[in-house]
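Kindly produce the complete structure, drawing on both the sequences and the hints.
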Amino acid sequence: QQQVKQSPQSLIVQKGGISIINCAYENTAFDYFPWYQQFPGKGPALLIAIRPDVSEKKEGRFTISFNKSAKQFSLHIMDSQPGDSATYFCAASNDNYGQNFVFGPGTRLSVLP
Amino acid sequence: EPEVTQTPSHQVTQMGQEVILRCVPISNHLYFYWYRQILGQKVEFLVSFYNNEISEKSEIFDDQFSVERPDGSNFTLKIRSTKLEDSAMYFCASSDIQGAQPQHFGDGTRLSIL
Numbered sequence: 001q002q003q004v005k006q007s008p009q010s011l012i013v014q015k016g017g018i019s020i021i022n023c024a025y026e027n028t029a030f031d032y033f034p035w036y037q038q039f040p041g042k043g044p045a046l047l048i049a050i051r052p053d054v055s056e057k058k059e060g061r062f063t064i065s066f067n068k069s070a071k072q073f074s075l076h077i078m079d080s081q082p083g084d085s086a087t088y089f090c091a092a093s094n095d096n097y098g099q100n101f102v103f104g105p106g107t108r109l110s111v112l113p
Numbered sequence: 001e002p003e004v005t006q007t008p009s010h011q012v013t014q015m016g017q018e019v020i021l022r023c024v025p026i027s028n029h030l031y032f033y034w035y036r037q038i039l040g041q042k043v044e045f046l047v048s049f050y051n052n053e054i055s056e057k058s059e060i061f062d063d064q065f066s067v068e069r070p071d072g073s074n075f076t077l078k079i080r081s082t083k084l085e086d087s088a089m090y091f092c093a094s095s096d097i098q099g100a101q102p103q104h105f106g107d108g109t110r111l112s113i114l
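Line by line, the protein sequences are chains A and B. Position 27 (the first sequence) corresponds to 27 in my numbering; numbering is contiguous. Position 50 (the second sequence) corresponds to 50 in my numbering; numbering is contiguous.
Hints are supplied without guarantee of correctness; some may be wrong.
[Said to hold, decoys possible] Computed cross-link-like contacts, SDA-like style, restricted to lysine to any residue with a CA-CA straight-line distance of at most 25 Å:
id: 1; chain 1: A; residue 1: 42; chain 2: B; residue 2: 88
id: 2; chain 1: A; residue 1: 57; chain 2: A; residue 2: 108
id: 3; chain 1: B; residue 1: 83; chain 2: A; residue 2: 37
id: 4; chain 1: A; residue 1: 42; chain 2: B; residue 2: 63
Quick caveat, the hints were computed from the structure, so don't treat them as lab data.
Next up, the structure:
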């Protein structure tokens, strides 16, 4: 119940294209869903986050879509750039379970020039 | 922008030895965490710490692990008797308020057990 599933495992996109990464969860108590970006040799960096009271959140080229009934959420990267090439992790947490995050397994994104 | 800093960046230790990983969280943050990432795998929660005590820990965080905030700035993770399977990246994170809020991660310490 604490698991967060993520797909695809890896993704190759042409520069200017749209990158889409999907996550699914089982625990309906989760109420905070961040996306983290990780470059090689670096720690995860918060990219964007959403709570279940909204269905979409956009920050620049990054958009989270959230489907509460399906228990799914996704990250869309518009106009993907080679600099976006990194590993992306979705995560979930809930106050009642403490402050720790449950992370998805990650998606390695490669944006070709 | 304030950041979480971790030292050392790479630690090589013989199996069975004790190791201490150090973290300096963001200065006004009150909640501290350790996570582990085995090479090529997902980030896994180890322990959270607030008000000088552990608030939550995972199954990974067994008796070989301990955490401490020895002074007003450092937050440490000690592994008492390291095993080969402890080889991983260890990330420290901090957040400023309780609950499901952004956690800010350091760049990690790569621990290699020989």
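Hints, verified against the model:
no. : hint           : result
1   : 42(A) - 88(B)  : holds, 13 Å
2   : 57(A) - 108(A) : holds, 22 Å
3   : 83(B) - 37(A)  : violated, 29 Å
4   : 42(A) - 63(B)  : violated, 28 Å
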